[in-house]
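Please work from the sequences and hints to get the whole structure.
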Amino acid sequence: MLRYILRRLALMIPTLFGIMVVNFAIIQAAPGGPVERIMARLQGLDAGATARVGGAEGGDFAEPTLGEDTASYRGARGLDPALIAELERQFGFDKPAHVRFMRMISSYLRFDFGNSFYRDESVLDLLLSKLPVSISLGLWTTLLVYAVSIPLGIRKAIRQGSRFDVWTSGIVVVGYAVPAFLFAILLIVIFAGGQFFDWFPLRGLTSIGWEKLSAGGRIVDYLWHICLPVLSMVIGGFAGLTLLTRNSFLDEIHKQYVVTARAKGLTEQRILYGHVFRNAMLIVIAGFPAAFVHILFTGALLTEIIFSLDGLGLLGFESAINRDYPVVFGTLYLLTLVGLGTQIVGDLVYTLVDRRIDFEARGV
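Add 1450 to a position in the sequence shown, counting from 1, and you land on the number used in the working numbering.
Everything labelled a hint here was simulated from the structure, so no lab data went into it.
Idealized CB from N, CA, C, for every residue including glycine.
Check before you lean on any hint, since a few could be wrong.
[Claimed, not checked] Computed beta-carbon distance windows for the label pairs:
no., residue 1, residue 2, range
1, Glu1571, Leu1787, 15 to 23 Å
2, Lys1662, Leu1716, 53 to 61 Å
3, Thr1801, Lys1662, 17 to 25 Å
4, Ile1794, Arg1539, 35 to 43 Å
5, Arg1653, Gly1715, 58 to 66 Å
6, Phe1646, Leu1456, 31 to 39 Å
Below, the structure written as structure tokens:
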């Protein structure tokens, strides 16, 4: 197993490098950039795109409105060329693309992501400050999704074809078809002062003066704020795992060892939870690390934007809109590294759940 892990770790290097190359090339081809953004602000053309989303003022977080390369930028004809050259030097665009890329990669190998273009803070400190919010959403959502989906999937498999299976299948289909952000909007309309009730807060994970509350008051206030965001993500994410659990159980129930166990007179509960459960839950349990990372870094993006939660999702959205390249590439590098590492952890969990699995013997 050690050789397999070392081989997978070695494969992470070219994979990570390839992902960074592709995304760097896309960014170079994309219109607009930090230099164009500054030019737009100097000429009074700043649109303030993200001010409508994250609650920021347009002066600090605004989408560049000009999308042409600096050399052919017509709106810059009224600006001093020396000023444009100085802006390019400050942002590092006075060097060729391949030189900038190699400098970036060499710094990233030391986990030096530089500083944000528009925030007086290092990228690493910025990411660490936003991480607790995203971890809160991801952890609670993952735990609740598993807590709901596994019992529901098992029940649906046991009662296949019954009215319970039919009715719950309708709920699963709705949860599978409707994205989480639409549920989030619906919950806001109903429970957060949209049209009906004003029971839950709309912004943030804590109230003003949270530090002054007692320990119990802090917990209640935190749960009060996180209820709707987590509920919207659970409703939008439980369907896939429920179907996976149901199908996995159905596949195991019809195997020969289950028929043999019934012929020996074992009780149905002993068969289901003593034999079928372990085999059926292999793929579900082993997929927990990857599911958590997916919810943490991708599933919460729109939820954070809708509920104005200051996490990695909102930070990444604002950084992409504002062409804050150090934050964009720093986030991409870390998330890719975590994602690749999670795949290895998932394989290790497979071997822990079922000792019969040996990836090294298979030459994977």
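Hints and how they fare:
About 21 Å separates the C-beta atoms of Glu1571 and Leu1787, a value consistent with the hinted range of 15 to 23 Å. For the pair Lys1662 and Leu1716, the beta carbons lie near 59 Å from each other, so the given range of 53 to 61 Å is met. Between Thr1801 and Lys1662 the beta carbon distance is about 49 Å. The supplied range of 17 to 25 Å is therefore violated. Evaluation of the 35 to 43 Å hint for Ile1794 and Arg1539 yields a pass: the beta carbon distance comes to about 41 Å.
Look at Arg1653 against Gly1715: about 60 Å separates their beta carbons, and that is inside 58 to 66 Å. Remark: the range hint 31 to 39 Å for Phe1646 to Leu1456 is contradicted by a beta-carbon distance near 57 Å.
The structure does not agree with the numbered hints 3 and 6 stated previously, though it agrees with the rest.
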